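All chains should be built: construct the whole structure from the sequences, respecting the hints.
Residue strings, one per chain:
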Amino acid sequence: MSPVSAASRLLKKSPVDARQGGKRRKSAVYMRVHEPRSLRRFEPLSNAAWRRPRLFQQPARSLLCLVLPLLVGVVPMAAEARDLNALERQMEAVIQDSWGDLPSHEARRLVQDETQLECSRARNRPGEGLQAQILARERARIRYPQGGLVLGDPVVGEQLVRSGYGGRVGQRRPDDPARANGGNCHACHLLEPRDDTGGNLGPSLAGYGLGRGTEPSAIRHLYERIYNPQSLNPCSEMPRFGYHGFLTPEQILDIAAYLLHPESPVNRTEPLREAPVDTGRSPSVQR
Amino acid sequence: MRAYFLLILLAFFSVGAVLAQPVLVPEEGVDSIAEYRRMLRESNPGELWVARGERLYHQPRGPNQVSLDACDLGLGPGVLEGAFAALPRYFEDVARVQDLESRLVYCMVTLQGFDRDHLAEQAFSTGEQESDLEALTVYVASRSNGMALSVQMEHPRELEMYRIGEGLFHRRSGPLDLSCATCHTTEGRRIRLQGLMNINDDLQVREVMGSWPTYRVSQGTVRTLQHRMWDCHWQMRLPDVDYGSDATVALILFLTEQGRGGIIDVPSIRR
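From first to last, the protein sequence lines stand for chains S and Z.
Quick note: the first sequence uses our numbering, first residue 3, plus one each step.
Quick note: the second sequence uses our numbering, first residue 719, plus one each step.
No wet-lab data here; the hints were simulated from the structure.
What you are looking at is a predicted structure, and each value in this text was computed from that prediction instead of being measured.
The C-beta atom is built at its ideal place from N, Cα and C for all residues, glycine as well.
Treat the hints with care, since some could be wrong.
Computed Cβ-Cβ distance ranges for the label pairs, DEER-style [claimed, not checked]:
id, chain 1, residue 1, chain 2, residue 2, range
1, S, Leu104, Z, Glu846, 37 to 45 Å
2, Z, Arg814, S, Ser219, 53 to 61 Å
3, S, Ala88, Z, Gly796, 37 to 45 Å
4, S, Ser165, Z, Glu846, 24 to 32 Å
5, Z, Gly845, S, Arg196, 32 to 40 Å
6, Z, Ala813, S, Leu234, 43 to 51 Å
7, Z, Leu877, S, Ala124, 17 to 25 Å
8, Z, His873, S, Ser106, 34 to 42 Å
Printed below as a string of structure tokens:
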């Protein structure tokens, strides 16, 4: 066992989030021991609109959805009650026409939720009123892990930040849904001071844990930021990993461990080897 | 004999591609890729696809055993020079806007008697199966080499499709909340080390749009704009978008109009 994962196992026992009861934690720990992580599938989150086709929620409404298109002539794929402008209605008609017969779990992916629609309209620059609405809505969508907000396994977290696997669908090249999704954080963020191959769509996270510690408040903040970035930054371009069920709460805690753990390569800023002599330059370290 | 020689060349380039990749760092990476492209330009493996496309285009094929010489790509039956430079465009005979690939499918179905679904299924080559449409597309596009991208944008439906394409470009959806704009609206952005085109930079858009279809070194084949559209949607975790569908044509029309004036030079070479 590496020193990092040993340390993380110790850490798991310490800070428990105040909101979480001790009883539930026990069963989660039990699950942790007996279920191999690679086999663990995400559990459907009851409130995620993603996993719940709005169309079938209320019989009366869904009946209306079936009849209305016949009357209007255009199938409103986006939420039925929304006021779409003329262009948006044309876009929805084109989308309806451009994706053939899809199984419902795939068709659902093309339907925007309110936040996606509003952020698309605002080109990701929401006004003040909309910002407040989105913050409140997305905050209410956060669900916390059954085992409490305790750091997971940073070694698994490291695998998750590098893995771009999972979630692809279709006939041509689908991913295997039985394999765990990755977070692919590396695609958009620089993560380790000594590795400059990360993307730059998001801010650099090199040294992220320095000065943040592993206090419950730090874990909670990071958990919320990964679970639903729009609960902190409305129309953030970062995916709402937890809200969509793309990552499980446990996986998010693993990634949090990788980012916050003092021994993580993210937080080790010392150079890999001695600086070459006589160059007159200090070793380049990115923070 | 000549084909044999080209095959050896091809194998050589693929090995080069593999060797060239892991050592890249951001700034040098961009330069060395540019250098690599320059070196390959004169003996681009994609020329094999152009040659194959030319054969396929003019030879009697399909259940009806006719060539595509009667196909009207917008400038009249049989006119290939400059046709690609003005696509996508509105076609009266189908009453819709079509890009080069959806137009080729239309001709292959109506003239040659091919099955539409079968063509769409085999539109992208895989390890086992070579695509005729990739070869045909790059051949026709190459007949506009040296010309500027100049869609006509006169018919009301063309203007409508442009706006729809622009809207789709910014439309966020799917389990990762992505849109095209997430990656393609800011200067100097990268996914890992891969540079991303910025839609707001006219010069970049012209260069990119003038260079598709392209020989994709990482995939060992020529890829078309339709493949690019499918690939981006697939990566965004959206379902397979239909080959030649209105959503893809609208996006391609939007991108091509943004790239107006870009000089067509295909097949290019990209990662």
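Hint check:
no.: 1; hint: Leu104/S - Glu846/Z: 37 to 45 Å; in the structure: violated (25 Å)
no.: 2; hint: Arg814/Z - Ser219/S: 53 to 61 Å; in the structure: holds (57 Å)
no.: 3; hint: Ala88/S - Gly796/Z: 37 to 45 Å; in the structure: holds (39 Å)
no.: 4; hint: Ser165/S - Glu846/Z: 24 to 32 Å; in the structure: holds (27 Å)
no.: 5; hint: Gly845/Z - Arg196/S: 32 to 40 Å; in the structure: holds (36 Å)
no.: 6; hint: Ala813/Z - Leu234/S: 43 to 51 Å; in the structure: holds (48 Å)
no.: 7; hint: Leu877/Z - Ala124/S: 17 to 25 Å; in the structure: holds (24 Å)
no.: 8; hint: His873/Z - Ser106/S: 34 to 42 Å; in the structure: holds (36 Å)
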